[in-house]
Structures are given as C-alpha cells and as structure tokens.
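Q: Chain by chain, the residues run as shown.
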Amino acid sequence: MLTGEDFSARGPAAAIDCLRALQKERGYISDETLAEAAAILQMPVAVLDEVATFYNLIFREPVGKNVILLCDSAVCWMLGREALQSRIFERLGIAPGETTADGQYTLLPVVCLGACDRAPVLLVGETLHGHLDAAGVNKLLDGAA
Amino acid sequence: MQLVLTKNIDGGGKRVDFAAYARSGGYEAVRKVVGKLAPADVVQVVADSGLAGCGGGGFPTGRKWQAMPSRAARPGPRYFIVNADEMEPGTFKDRYLMEGDPHQLLEGIVLAAYAVEADEAYIFVRGEYFQAIAALEAAIAEAQAAGVLGGLTIHVHAGVGRYICGEETALLNSLEGKRAIPRAKPPLPQVSGLFGCPTIVNNVETVCNVPHIVRHGAEWFRGLGVGDEAGTKIFGVSGRVNRPGVYELPMGTSLRVLIEEFAGGMRDGFQLRAVLPGGASTGFLGVEKLDTPMSVAGMAAAGSRLGTGNVMVLDDKTCPVGFIRNLQHFFAQESCGWCAPCRDGLPWVDQILAAMETGQGRQSDLAVLADMPGRMGPGKTFCGLAPGAMASLETGLKMFAQDFTRHVQERVCAWA
Ligand SMILES: Cc1cc2nc3c(=O)[nH]c(=O)nc-3n(C[C@H](O)[C@H](O)[C@H](O)COP(=O)(O)O)c2cc1C
Ligand code: FES
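Protein chains in written order, with my numbering: chain A, 1 to 145; chain B, 1001 to 1416.
Okay, chain B solo, but in the shape it has when bound (with noise of 0.2 Å):
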C-alpha cells in the first residue's frame, strides 16, 4: 500500500520539522519548478493527473485552475487560499495533514501560487484547531528562514466558527472581515475573489497532493487509484468501529475494506446499520452497498457522494432518527439565514424531529418531511448547505421508514 500524503506522519501528534520534510524530498518540486517551468506548464500537470478537489465537492482541480485569468489579462493582486474549515461533521482529515505535516501543505501552496501567478496566500482555518494553527505558524517561519517560499506570503487566518465559512464564497466574505454570507456565482472566484481579485480556493488535502503530483508525474498519479479516478485518498471512519481513524489508501477502495480491513470491523455487540460515506452533507448507504468502491463516480452511482471521504458509521444500538435529528439541528443551527428556504425550513425540520424523539411526533409529520428534500435540495437554495442536509433526511427517511413510524405511532423512541 503506497503512502503519499501520510507518509511522513507517525499519528502520535507529533509535527515534521523542515529538515525532515526536506529529508524526505521535501520541497524539490519547488526548486524543479518555481523559475524554470512556465506556470500554464504546472497547471497542465495538474490538470492531466486527474485530481480533483477534496474538500466534498470533486470538482477536477485543473480546470479549476485554468479558469484563472493570466496575469497578462488580469494584473494587480491575485491570491491563492486553503479552506482548512473543516467542520462537517464526521470530517477530520485535514487536521491530520496539516498538524501532522505542515510543510507539505506549504509546499502545496507556493506551487499552486507559482501556476495561477498569486502572491498571496491565506490559509483559513477553523479557530478551534489550536494546534494545527501553531504547527502551520512554526512551519512557516521555518520556510521563510529556509527561503523556499520565494516571494509568497502565506497568512494564517484562525476563523471564528460558523460552518458556512467552508463555502468558499462565503469564506472570501469572511476573510473581507464581513459576515460569512455566500456570494452569488458567477462571477467565479477566480474572476473576481477576494477584494474583487482573481482567486483560487482549494481544500488542505488537494493542495498537499500538489507536490507529489509535480514530482512524480501526473501518469504516476493516475496509476495510485484502483480504478478510473487518480490518486491516494485520506480516508476516515468514526462510530462503533474498532479503530476508528484516518486511513490513506487508493481512490476507490470499497467501503467494505475501509470499514472491515483497515477500522477493525465492528466492535463486539455492535452491528453495522447504515454508513454516511463522506460526512454528514452526504447520503445514507446501507450495508448491500459496502462493497461500493470509494470514488466519485462510485459513491454516486450507488446514490450517494464521496463528500469528504470521511465515513460515520451508524450501528444498530443507535437510533437512527436521533442521528438524523442531531445531523439537522447542526444544519439549522449553522444555516446564515441568507436565503428562506434554508433559514426557515432547516429549524421546521429540527423542530419537527425534535418533537418526534420527546413522542410528540404526529402521522402527518412524515409527509412534511418528506416534502423537504424537494424544496430544500441542490437548486433551490442560495448555496450547498440545505442540500447536504437534504441528503441524509431523503435517504434516511426512506432506509429508516419504519423507525419513523414507530417514534411516530408509539410516541417513545425504542433506544431511549
């Protein structure tokens, strides 16, 4: 099993230092590439390797790039940002890369500055990563003194908390100092981004691949996944598992070796019930689906989403209306309140299910859920929040029809 962006981390929380970066290759791709190999060049590597961005949505990260105005066409300031937000629920890969190997998302990053022209960065982080925070902070003065950021400069923006900020619209309205409202599209960020300038917006975990992919060659990157999608991926399984954890393996690992091989299986008394493959914005599978590859085409196919690759595993000792009830009270918390459907049906529906759990429930109910999905799903909102909660609340109404029910008709919750 090839090891790519993990590689250098023990897991025990430790940080790789410079030296050690450097010692393991660390920052050759910048001295190959930075002043010797034109931008569009590195834009083109990454385009042909396949990947595609991490951060829950897939989209192919070189297209995204290509999207970017030259700096011919458009000078004045650019920039480059990692959204390290992270706060889907079920989600913690991108703590992992950046308090475990902070330097090889530095690396990432002047790459990345170096093909779309910026010069400068912003890594947006989620406040409560206090060490991801100080590991990125020593990091960078480590590779300032070392010289390989060149003429970057890389901030590290410690967000306040709101799940929104991860959209990366609203993330630019966040950085501006503003509410984190999201922003209408197009324009395109790379259009007009932060402060109305050209800007790139990338997930932690995409931007690490950067430099193995500049290294190593785009077909040695394609050739890492077990089927038709590119790369390694950083993995995570949580819930009654018995090593729940961050596991990088080939893009399109099935479920079911994810789950059984690497996280250890269920841990005793407990049974697998249902997965959410990528977070909490993605939708229900059950186990005849485990041996679903991990990729986005296949995640899709079997009705789901690859999300952020991050699996929660409900097992049957949970109930599974709490579950969804504690998926939808985070949504409805977290909604901006920008658009209508979302500020005022996301709490309908918490409220609805919150009821369900006290007995409260009525038959009539369910039909109100189930009408949400429709007005609440990808289209109908302002942005992608309302639609990710859509997902679990479609497909778990569906797989838990009868547990529903019974909330519903015997007015207790049977795991109270």
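Looking at chain A on its own, in the form it has when it is part of the complex (with noise of 0.2 Å):
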C-alpha cells in the first residue's frame, strides 16, 4: 500500500486508498470521516461518497472489532457453508449483515476467497480459516474470545 504517502498530493486519484487508510484506523467511513477524507482529496464529498458505496469492503456503517468475512460462493456453498453461518448466529447472535450487541463481531458475506480448495473458508480479520465445519467455529471462536 502507498503508506505515509501524502494522499493530497494525488488528489481525487487516491480516493480508495486514503478511505481504505482511514477505515483501517477508524473501523469504518462514517459521514465525518467522509467529509475529511474530501477535504484531503479536494473533491465533493458526494463524488466521494459515489466512490465509497460502490466497493464492498468500504463501510459506511460501524462495524464490530472484528469482521468476520464467510464465503458464500459456490465451493465453499457446496461444502456446507451455511452450516458455519448456522453456527455463528447460535454462538453470537448475529446473521450476514449484523453486529454483536457488545461491537465485538460482525458477520459479513464475501464472494469466493480464492480458497477453494480449502472450502469452507472464512476470514476473521486479516487471518483465513479453511477446512471449517461447525465445531471448527467454535474452536475459531473460543480460542478468539
């Protein structure tokens, strides 16, 4: 990544890379962030914000400490990912989409992982999890709480 680099210098042109800074410092893009990263950029925060939405990894809502990321694309359906979703919403209450009461988790569908031969797989912040089945997540989620 072009860290420590001076994003204004680039203008408009470092959009995703000063949201993707900003959001690994402050967990999510919220209108305040947003406002500031134009201001960086020089370019109106609605333009901005055309950018912000188009990208799935850019979150403009809050989102819990750690992201969980589960494929739901088709390997990793047909070696039972719903099973480790199944599993996670009866370990912490939440369904693709949704935080945890106390911002620890929130669960979010990806498309493939490029991890298909490990399928099922999940991300839990930046560390992937292949070869899972129910009891695995709750290994997953023992070991992490």
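In case anyone wonders, no lab produced these hints; they're calculated from the structure.
Mixed in with the good hints there might be a few duds.
[Claimed, not checked] Computed spacing ranges between beta-carbons, pair by pair:
no. : chain 1 : residue 1 : chain 2 : residue 2 : range
1   : B       : A1340     : A       : K65       : 34 to 42 Å
2   : A       : K65       : B       : P1077     : 39 to 47 Å
3   : B       : A1370     : A       : S86       : 55 to 63 Å
4   : A       : A135      : B       : K1398     : 50 to 58 Å
5   : A       : A135      : B       : V1191     : 39 to 47 Å
[Unchecked claim] Sample of chain B residues with no beta-carbon within 10 Å of chain A, all distances over it, derived:
no. : residue
6   : G1035
7   : P1039
8   : M1087
9   : E1117
10  : E1128
11  : V1160
12  : V1191
13  : G1227
14  : S1238
15  : G1239
16  : R1256
17  : L1290
18  : R1411
Predicted model only: the values in this text are computed from it and were never measured.
Just so it is clear, CB atoms sit at the ideal spot from N, CA and C, and this is done for glycine as well.
Join the two chains, each given in its own frame, into one complex according to the hints.
A: Next comes the structure, spelled out in structure tokens:
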C-alpha cells in the first residue's frame, strides 16, 4: 500500500487508498470521516461517497472489532458454508450484515476468497481459516474470545 | 513432470525470500536482458513463445505488447499493471503464486516493464489477500535493497472489493480512484490506459512466466505443452475430490488426468456429475468430456472455455439448480450496473432461480431463463461479466434439464 504518502498530492486518484487507510484506523467511514477525506482529496463529498458506496469492503456503517467475512460462493456453498453461518448465529446471535451488541463481531458475506481448495473458508480480521465445520467455528470463537 | 512456476513453492504458505529466489536462478533474466537486449527483442521472444494470457481470455501476450506504441512515438508516463484481483469463484492460482514466490512475479514485472518501456508498475491485488499483500511488500523491499528493480517503481494497490475490478478497463478506473466501471474499447489500454497513458494489463500467472521464457527461450517454452499450446499451466481443482489444490501441469493435460490422477478422484460416496473447467464464467462439461485437453482450443472445441484453468467439480449429491443459483447470485450481486441488460437481467435470473429453489418456480420460468443467454451473451453487454454468467446458465439448463423440470413440477428441491 502507499503508506505514509500524502494523499492530497494525488487528489481524487487517491480516493480508494485514502478511504482504505482511514477505515483501517477507525473501523469504518462515518459521514465525518468521509467529509474529512473529501477535504484531503479536494473533491466533493457526494462524489467521494459515490466511490465509497460502490465497493464491498468500504464500510459506511460501524462494524465490530472483528469482521468475519464468510465466503458465500459456489464451492464453499457446496461444502457446507450454511452450517458455519448457522453456528455463528447460535454462538453470537448475528446473521449476515449484523453486529453483536457488545461490538465485538460483525458477520458479512464475501465472494469467493480464492481458497476454494480449503472450502468452506472465512476470514476473521486478516486471518484465513479453511476446512471449517461447525465444530471448527466453535474452536475459533473460543480461541479468539 | 517439469515444474516451472511452482518449483520453489512448498505449499506450506511460506514465502521464498530474495536469497532463496536468487539461488534458484532468480533475477538472472533481468541481468541478461536489461540494458543488453532491445525492448522490442524481449517482446519478440515473448511473442515467439506462444504465451497466452492466463487471466481468462487466453489472448497472446506478445501481440498485446506489440500493440503498445514505442516510447519514441508516445513519450510521457507509461504503465505496466498486474491484475491480481482474482475474484472469479473457483479460482485460487494467483494467490498461490504471490504468497509462495513473490519475487518470480517481481522479476516478471521488471522484464515486462522493460519490454514495453514502462517506468511505473502497479500490482492490483484484492484487499482480502492479506498474506499475498504482505509477501509482495516484503519482496519489493528486498528487491529494492538488492538493486534489481533498476529505476522501476512497483506499487501494490490493495483493492476494496468488486468482481468487476478484474475487468481490465474497470481496473484502470478503480486505480484512478473511481468506481470500477468498464470503459469502451477502442481505444485499447495500450493507447489510452491509466490516466490516459499507454498501459498494459496482464494476469499474475502470465507475468510469472516471463522470466522463464527470457531465460530459457521461446522454443523451450513451446516444448512444455503437450499439444499445440505452450508452457505449463497452473490448474486448480476444488469440490468433493480427494486432493483439492493447485497443480502445475503441461498445457493441454486432460481434465481426466488432472482430476483423477492429481486431485485423487472423487471422495468416497460421490460421483462426478459435471465440471466448470475454468471458473464460474465457463460452461459446464459432462463426464463424457473428461478426456478433453485443458487448452484454449481444446476447451473451446468441447463447448466451454479454458478460463482460469481452475476446475470446479460438481458431484452427484449436490443440487445443480442450487449450484447454478449460487453462481447467478454472485454475478447479479457483482454487476456494476453500468449497462441495462446486465444490471436488470442478472437479478431477474437470480430471482427466478431463488423462487425455484423454494418451490415457487413456474413452468414458464424455464422459457424465460432459456431466453436470457441470447440477451446477455457475448456482444450484447458492455463487458464480459454477463456473458460469463450466461455460460453456466446456458449449458446448465441443457445439461440439467430434468433437475430444473423437477424443481418446477414437484415444487421442491430433491436435495433439500
Ligand atoms: C468481469 C471480469 C472479471 C475479470 N477478472 C479478472 C481477474 O480477476 N484477474 C485477471 O487476471 N483477469 C480478469 N479478467 C480478464 C481481464 O479483463 C484481462 O483480460 C486480463 O487481466 C488480461 O491479462 P492476460 O492477458 O494476462 O490474461 C476479468 C474479466 C472480466 C470481464
Ligand atoms: S468458493 Fe469459497 S473460497 Fe472459493
């Protein structure tokens, strides 16, 4: 990534890099953060929001401390990703798109994570977990808690 | 079996570092070529090698590079871009190459940028590939310290997720900080690409082949394939096989050899029903096509496409209607919304299939579905996303006609 770079020097072309960097720092892009970014990039807020809302991984709403990205594409579907989703719901009480009341976890569906040979898979934060089943989800949540 | 692209990779997820890469002959091609051979000569070697793009289109790489105007003809900034978006369901080869041997990709970039006279390079990698991003950044730092990048700047751009970013002109818009919406062609990116400057976009695997071609020559590379097509190919197999994974084999290896010998055949209790030979954007092939060579021409002759060469295996215990619904849902969700047939047509397909799955399908829906490929196939939409979606729908409707009819008539999924 273009870390440490002065986004303002690149103007609107740096929009995605800038949003990604801010989100990494703050968890999500609030209206205030969006306005701040627009000022840095010297572009209208509405135009930047058009970019922000286009992409799956720019969050315009608050997310939990740990974002779980559960693959919902074909190979993971075939090999049992529904069971993972059910177990996550049983354990954390969240369906896709929801965040736990304590703000610890958000569950989001994601397209094929490019790890179909380890299906079904999910990402917690930056770590990929493969070959999972419901028991594996338990282990994962117990370990992380 | 000669391994070329994966010979340094142990599969355990550890990255080959600069020293290990150099020991295996790495960066030899850079020393041999940069400043010694004319850029046009490097382009010629790649053209002679028969290297074809591994991103799904199979376009000859040499021809793509030849369309780049010379620096004399077009002074100013020029870009070389690696497409590492890899969001096509069923595809996991580029991740393997980047996590395992990132220097191989960097060496390919240095050579390719030299050949097309680019002074800046980008690797557009999907943001969820954290390990690959870390491997690339570490490798770039090592290569810079060792002085092998010359004057070339290589940026790693982490994407923020949309399948359409993999379409090369949408990728350019995304790199410019905009919505990833495809651009009209012509002009080709070689003429007007990133920020309007001459630009080449190549897939990770394509670029990884370049150092080996430069080092060992075009003839050697041609000899690696088992049929008319050149090189080795990074195949992948997923689904209910015994050993799902990445397999580097000669271009033209048959589907049967790949699935039965290398992926270890089907798991106990499951039978192979059909395959998507090259990712979600390719058409189904049945068991009777297993002896087809995995090559661009071979797969086309069999009625499908080589695509990314990563095979998804559908077994006899999985509902094909549900499988196809999952694929169509993906395409509907990922449509960028720019052109009407794709924006409105794909969600329509998705809704019909969703209804069928829950027993709400009607007989007339089957005719509506069968009509869709003619409206969203090649040439009917702005880019290749919807035609890719139509490949599995069109072939699936024919191959699994009975399953579709049963869903509609019995109003239940037999697999549920
Ligand atoms: C919807 C869509 C998604 C694509 N995704 C990718 C991708 O993730 N990676 C890739 O290399 N090519 C992808 N392509 C193909 C690219 O447009 C382009 O042809 C390719 O990057 C060229 O590289 P190559 O000639 O080395 O194969 C996609 C095409 C379409 C239409
Ligand atoms: S389908 Fe889930 S990782 Fe590919």
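Q: Taking the hints in turn, state whether each one holds.
A: Hint check:
1. B:A1340 <-> A:K65: 34 to 42 Å: holds, 41 Å
2. A:K65 <-> B:P1077: 39 to 47 Å: holds, 41 Å
3. B:A1370 <-> A:S86: 55 to 63 Å: violated, 35 Å
4. A:A135 <-> B:K1398: 50 to 58 Å: Violated, at about 40 Å.
5. A:A135 <-> B:V1191: 39 to 47 Å: Violated, since A135 of chain A and V1191 of chain B (Cβ atoms, about 56 Å apart) do not stay within the stated range.
6. G1035: Given a closest Cβ separation of 28 Å, the condition holds.
7. P1039: holds, 27 Å
8. M1087: Non-interface label fails for M1087 of chain B: nearest chain A Cβ at 6 Å, not farther than 10 Å.
9. E1117: At roughly 22 Å from the nearest Cβ of chain A, E1117 of chain B sits farther out than 10 Å, so the non-interface label holds.
10. E1128: violated, 6 Å
11. V1160: Violated, because the least Cβ-Cβ distance between V1160 of chain B and chain A comes to about 4 Å, which does not exceed 10 Å.
12. V1191: holds, 20 Å
13. G1227: Per Cβ check, G1227 of chain B is outside 10 Å of chain A; nearest 26 Å; holds.
14. S1238: violated, 4 Å
15. G1239: Since the minimum Cβ distance to chain A is about 6 Å, G1239 of chain B lies within 10 Å and the statement is violated.
16. R1256: The claim stands: R1256 of chain B keeps its Cβ more than 10 Å from every Cβ of chain A (closest is about 19 Å).
17. L1290: holds, 19 Å
18. R1411: It holds; R1411 of chain B is separated from chain A by about 21 Å at its closest Cβ, greater than 10 Å.
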